[in-house]
Amino acid sequence: MTERAADEKTTASNPDTTHFGYQQVPLEEKQKRVAGVFDSVASKYDLMNDLMSMGVHRLWKKFAIELSGVRPGHQVLDIAGGTGDLTRAFSRLVGDTGQVVLADINASMLKVGRDKLLDTGAAGNIRFVQANAESLPFPDHHFDLVTIAFGLRNVTDKDKALRDMTRILKPGGRLLVLEFSKPTNPLMSRMYDAYSFTALPLMGRLIAGDSDSYRYLAESIRMHPDQETLKSMMEAAGLHEVTYHNMTSGVVALHRGFKH
Amino acid sequence: MPYPLILPAALEALINPLLKQLCRSPVAAADLARLQGQCLAIHLAGRQWSLYAHFDEGGVLLSRQTEVPVAAWIEAPLSAYLDWLKDPQIQRLRAHPQIQLGGDTQLWEAVQGLLTAGEGQLAAAIGGLAVSHPLASGVVSQLGQGLSWLQQLGRNLLQETQEYVTEEAAWLPSVSAWQALQDQQEALRTEVDRVEARIRRLEAKTDLGNNA
Ligand SMILES: C[S@@+](CC[C@H](N)C(=O)[O-])C[C@H]1O[C@@H](n2cnc3c(N)ncnc32)[C@H](O)[C@@H]1O
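Chains as they are written, first to last, in my numbering: chain A, 498 to 757; chain B, 1290 to 1501.
Just so you know, the hints here were simulated from the structure itself, not pulled from any lab data.
Cβ coordinates follow ideal geometry from the N, Cα and C atoms, glycine included.
It cannot be assumed that every hint is accurate.
As the list claims (entries may be wrong) - Each computed DSS-like pair below joins lysine-lysine, with the alpha-carbon atoms no more than 30 Å apart:
| # | chain 1 | residue 1 | chain 2 | residue 2 |
| --- | --- | --- | --- | --- |
| 1 | A | K529 | A | K728 |
| 2 | A | K667 | A | K608 |
| 3 | A | K541 | A | K667 |
| 4 | B | K1309 | A | K608 |
| 5 | B | K1309 | B | K1375 |
| 6 | A | K613 | B | K1375 |
| 7 | B | K1309 | A | K541 |
| 8 | A | K608 | A | K657 |
| 9 | A | K657 | A | K667 |
Unchecked claim - Residues of chain B placed beyond 12 Å of chain A at every Cβ, according to the derived structure:
| # | residue |
| --- | --- |
| 10 | I1295 |
| 11 | A1330 |
| 12 | E1356 |
| 13 | P1358 |
| 14 | Q1395 |
| 15 | G1443 |
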């Protein structure tokens, strides 16, 4: 049984709850708790990202940029964009005639992102929007590219979010989902478990003074759909030619789908 | 995409801090401004290897593929690139029998300007990285440059880390702010306890009322 099937089963037996890491919580509670997690890590987010992934997250994101197909004049949405790493790169590629929207549900993350982008001199072609991925405040057929990097696992209703992201894409536009996934190599899988359930929360406590948020991170990664399940979810949302690329032995996968 | 992504990532990490430093001089800043918003393609002759450089005021973004239209391109074998990096004169670039240029070739003058700025620091650094790549391992004469590149990389990394830590330290709450937060948390807990107690009392009262 896939994780998603298991997920659906639990949700079916208890229709008003969803998972928050390994815990079952009421639906509306998840959003509040996710907000709490990102409120508490916002200011240390970039530093922790570098330490936790040993800098590899930069390569994962770089690969996403390569597959984005962004050109000058494009309209791009980076939803769950957090502190804006992808937004920064896209803003360079779309030029003055294009626009990038950095959207996030969490005001603290958005603020850190905005400050960081302003500090690096970017922002002329960037807009900042506080929004929930499940109900995006944008018109139909608007964006050439929508990306969600390390954000989908935090979204309560992923199917709804994927449908809404598809809605706002122009025909021919693409959706990129960069997310932790299922390691394809058993040795890597064991190393990764040991790392994320012991080293991560410890680092979280030492550096950000908050081990619970980082334990949530490890748990939410395990509850996230695997490569094939996410691919079918994207197809079900109406995307075509959905493919995925495993990176770092499947620790992270980049899914890409097109709207026809 | 036959070569590893770590290569453009490492080059970027090497070039951008150096560019930042070099652009304190108005001449180099003007060269970077000329390149701003442009995408330049660097092809390796004989192989299907390409590197695309997108320039903006923040530096350069390097990628192995792009859909951004290319403003200028260059194609040459690795040895010719190393020659150019050793002596980055635009005349040399134009006259080199193995180097081909295309598109808006004036943009390469701006690149050359950046390569020669600050006593050719950038050219030396990139040459060093190219040499440390296995492809160029035959070019032993470049080894010294490779070592100096490593030293430079070490210095850059150290400088970047120092800047990063200093910036991050500004985010850390002070001990007193932390204590104030704990006090407020404690006060909040007390308030919550109080509200809970009131609710319980109210519930008990309404139960009494209902039962009566
Ligand atoms: C792990 S961070 C990723 C940030 C950034 N994309 C990156 O790759 O560095 C996850 C982000 O998702 C945001 N998020 C969580 N749930 C969301 C939702 N339902 N809608 C929009 N953003 C959400 C969080 O606030 C947080 O900033």
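Hint by hint, which ones does this structure get wrong, listed from lowest number up?
-> 3, 6, 10, 12, 13
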